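Given these sequences and hints, build the entire structure.
Chains as they are written, first to last, in my numbering: chain R, 1 to 113; chain X, 1 to 112.
Hints are computed from structural coordinates only; laboratory data are not their basis.
As the structure is a computational prediction, the values presented were derived from the model and not from experiment.
Be aware that one or more of the hints could be misleading.
Keeping only pairs whose Cα atoms sit at most 20 Å apart, straight-line, the calculated EDC-like set for lysine to aspartate or glutamate is [claimed, not checked]:
#1 R/K68 / R/D31
#2 R/K57 / R/D84
#3 R/K57 / X/E100
#4 R/K68 / R/D53
#5 R/K100 / X/E53
#6 R/K100 / X/E75
Just the calculated beta-carbon pair ranges, DEER-fashion [what the hints assert, rightly or not]:
#7 X/L39 / R/E56: 28 to 38 Å
#8 X/T9 / R/K108: 36 to 46 Å
#9 X/P70 / R/K42: 41 to 51 Å
#10 R/Q14 / X/N30: 42 to 52 Å
#11 R/N27 / X/L96: 12 to 22 Å
#12 R/K42 / X/E54: 19 to 29 Å
#13 R/Q3 / X/A97: 19 to 29 Å
#14 X/E53 / R/Q14: 26 to 36 Å
#15 R/Q14 / X/P61: 44 to 54 Å
Every residue, glycine too, gets a C-beta built ideally from N, C-alpha and C.
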Amino acid sequence: QQQVKQSPQSLIVQKGGISIINCAYENTAFDYFPWYQQFPGKGPALLIAIRPDVSEKKEGRFTISFNKSAKQFSLHIMDSQPGDSATYFCAAGRKGGYQKVTFGTGTKLQVIP
Amino acid sequence: ETGVTQSPTHLIKTRGQQVTLRCSSQSGHNTVSWYQQALGQGPQFIFQYYREEENGRGNFPPRFSGLQFPNYSSELNVNALELDDSALYLCASSSLASNEQFFGPGTRLTVL
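Following this line, the structure appears as structure tokens:
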């Protein structure tokens with residue numbers, strides 16, 4: 001059962017442009033929404049995360065927007081750079097019991113010069 | 001501060017064999033989770049260990065098993081390997097008080 005849906009599957013953005021990746025979740029028990037960046041041959045690296053009590057979080061060029069009523073959240077990468085070319089995963093997790101992070105299917109981002 | 005490390009980096013096995021993968025958690029972390037990442041897919045949760053006991057399990061059969069040691073390092077064991085077990089196996093460590101998980105570089109397992 002796919003609990004976190006991610007789109008688009010791939011994305012090509014010109015250098016300096018804005019990259020936008022969208023995710024939707026089903027389980028309202030989720031209360032932690034991280035984004036991971038993964039380069040080929042490497043493990044996912046935590047990029048930025050948000051909790052549902054805020055609608056937006058910004059760290060440098062990376063911004064998460066969160067819409068609790070729509071059960072959607074998105075990652076915006078401002079001023080995209082070729083070094084941002086990687087696969088990005090949204091995820092959702094919840095406290096209590098045990099920690100488990102449910103990942104989306106990933107978005108392969110390519111930033112072209 | 002040492003990050004999460006995994007060994008080996010790559011491994012090739014044949015169908016029916018058994019494999020053991022190892023993970024050393026990040027300093028200060030007492031919880032280890034294992035994920036399977038098939039090519040082109042997101043990581044899928046296998047199970048989590050806390051205080052040397054399995055603390056939660058995803059939709060994986062019992063031939064996937066694990067251990068956590070007093071120093072919080074961990075092993076993932078897979079018996080009776082199948083072709084579909086070919087994947088990148090990721091270990092992530094965290095403290096139980098936080099959702100934040102930090103991943104190792106993974107072990108690439110190929111089953112022939």
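Tested hints:
no., hint, verdict
1, R/K68 / R/D31, "10 Å, holds"
2, R/K57 / R/D84, "19 Å, holds"
3, R/K57 / X/E100, "16 Å, holds"
4, R/K68 / R/D53, "9 Å, holds"
5, R/K100 / X/E53, "15 Å, holds"
6, R/K100 / X/E75, "18 Å, holds"
7, X/L39 / R/E56: 28 to 38 Å, "34 Å, holds"
8, X/T9 / R/K108: 36 to 46 Å, "23 Å, violated"
9, X/P70 / R/K42: 41 to 51 Å, "29 Å, violated"
10, R/Q14 / X/N30: 42 to 52 Å, "45 Å, holds"
11, R/N27 / X/L96: 12 to 22 Å, "21 Å, holds"
12, R/K42 / X/E54: 19 to 29 Å, "27 Å, holds"
13, R/Q3 / X/A97: 19 to 29 Å, "24 Å, holds"
14, X/E53 / R/Q14: 26 to 36 Å, "50 Å, violated"
15, R/Q14 / X/P61: 44 to 54 Å, "46 Å, holds"
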